[in-house]
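There are 2 protein chains.
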Amino acid sequence: MKNSPILTPEELLIQWQGHRSLTRRTIKRFPDDKLFTFSIGGMRTFGEMCQELLSMTVPSAKGIATGTWTQFGEIEGAPITEPVQTKKELLEMWDWSTAKLEEFYTQTDPERFQQTDTAFGQWKGKVWWLLFYAIDNEIHHRGQAYVYLRALDIEPPAFWER
Amino acid sequence: MKNSPILTPEELLIQWQGHRSLTRRTIKRFPDDKLFTFSIGGMRTFGEMCQELLSMTVPSAKGIATGTWTQFGEIEGAPITEPVQTKKELLEMWDWSTAKLEEFYTQTDPERFQQTDTAFGQWKGKVWWLLFYAIDNEIHHRGQAYVYLRALDIEPPAFWER
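Order-wise, the sequence lines are chains A and B. To convert, note that position 42 of the first sequence is 228 in the numbering used here; the numbers rise steadily by one, no gaps. To convert, note that position 58 of the second sequence is 244 in the numbering used here; the numbers rise steadily by one, no gaps.
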């Protein structure tokens, strides 16, 4: 059966949320005073990287579902619209994003994944690829956070647990 | 059409190979004398992480295609079966793995992706998930290599180029 799917939309959502759950646990491992201050080699702090992830996640989920790509500040209902500055604020926004992502995702017509779109007026590709980019970018930065944690002598969460 | 696929097997192969290409360029950025010596926070060197990636990639592709999960040393035709020790050896094995991966992948019946299997007698899950795990693990460790490169004052390759 050539039409056998690789994975279903439900499975992709579980995969996405599994990664978000692991990133949340990674954020939690950081001491409050290191999340927005500690970095290596002139890179951003993990807190700043998470701000980037926040700015992509819900706007991407909305763009995927609706074809309308809006900036983070224009998404309705966000409890915090400024850059987050504390671990508490970051976790609050993370949880809001996780719920909002699911809300948009479950409204997505499965035909969208094979359509071509231009994310944020800039990145053109098939919708599945735009979604994978958001997940891959999160894995990439979380991997960097693992180095920060190890350099701080803190054990990161197990990579295989989602 | 509920049967619209998220992505096709051909697209997933391009995605996988795109990540391998980016990791190859990341390996190339390391100075020869740092790849197997430099690390942060007691972690493995990036050379050692790449050995792990080598040990997973072709055996995973073989397991996905055939249902037979064998250790790296038992895969026929590898030019080097011992752990690699130099950048030259690593790149040679990387290129062999990329070609071999494609050979196994193109033999894979698309129905495999939705089947459940146990990778290496240990990790049970749907075949798509086992494949995604190999890709995600590579993204994770490559993200760590970006921190090593920045700490060495070397610019990593652009994440969005594949």
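Don't take each hint at face value.
Any copy will do: because identical chains look the same in the list, a pair fits if it lies in one copy or spans two.
Result set (BS3-like, lysine-lysine): computed pairs, CA atoms no more than 30 Å apart in a straight line [as the list claims (entries may be wrong)]:
| hint | residue 1 | residue 2 |
| --- | --- | --- |
| 1 | 220 | 286 |
| 2 | 274 | 310 |
| 3 | 220 | 310 |
| 4 | 220 | 312 |
| 5 | 274 | 312 |
| 6 | 286 | 274 |
| 7 | 273 | 310 |
| 8 | 273 | 220 |
| 9 | 312 | 273 |
Everything labelled a hint here was simulated from the structure, so no lab data went into it.
Within, between, both or neither, where residue 220 and residue 312 count as close if Cα-Cα is 30 Å or less: For residue 220 and residue 312, the Cα distance exceeds 30 Å both inside one copy (38 Å) and across copies (38 Å).
Identical-chain pair category, residue 312 with residue 273, by Cα at 30 Å: Answer is neither: 34 Å inside a copy and 35 Å across each miss the 30 Å cutoff.
Homomeric proximity label, residue 273 with residue 220: Cα distance no greater than 30 Å: Result: close within a single copy only, 9 Å intra versus 35 Å inter.
Intra- versus inter-copy proximity for residue 312 and residue 274 (alpha-carbon distance at most 30 Å): Neither: 35 Å inside a chain and 36 Å across chains, both beyond 30 Å.
Same-copy or cross-copy closeness of residue 220 to residue 310 [CA-CA at most 30 Å]: Neither: 36 Å inside a chain and 37 Å across chains, both beyond 30 Å.
Within, between, both or neither, where residue 220 and residue 286 count as close if Cα-Cα is 30 Å or less: within (28 Å within a copy, 43 Å between copies)
Copy assignment of residue 274 with residue 310, given that the CA separation must stay at most 30 Å: neither (35 Å within a copy, 36 Å between copies)
Residue 273 and residue 310: within-copy, between-copy, both or neither at 30 Å Cα: Close neither inside one copy (34 Å) nor across copies (35 Å); limit 30 Å.
Homomeric proximity label, residue 286 with residue 274: Cα distance no greater than 30 Å: within (18 Å within a copy, 47 Å between copies)
In summary, the numbered hints that this structure violates are 2, 3, 4, 5, 7 and 9.
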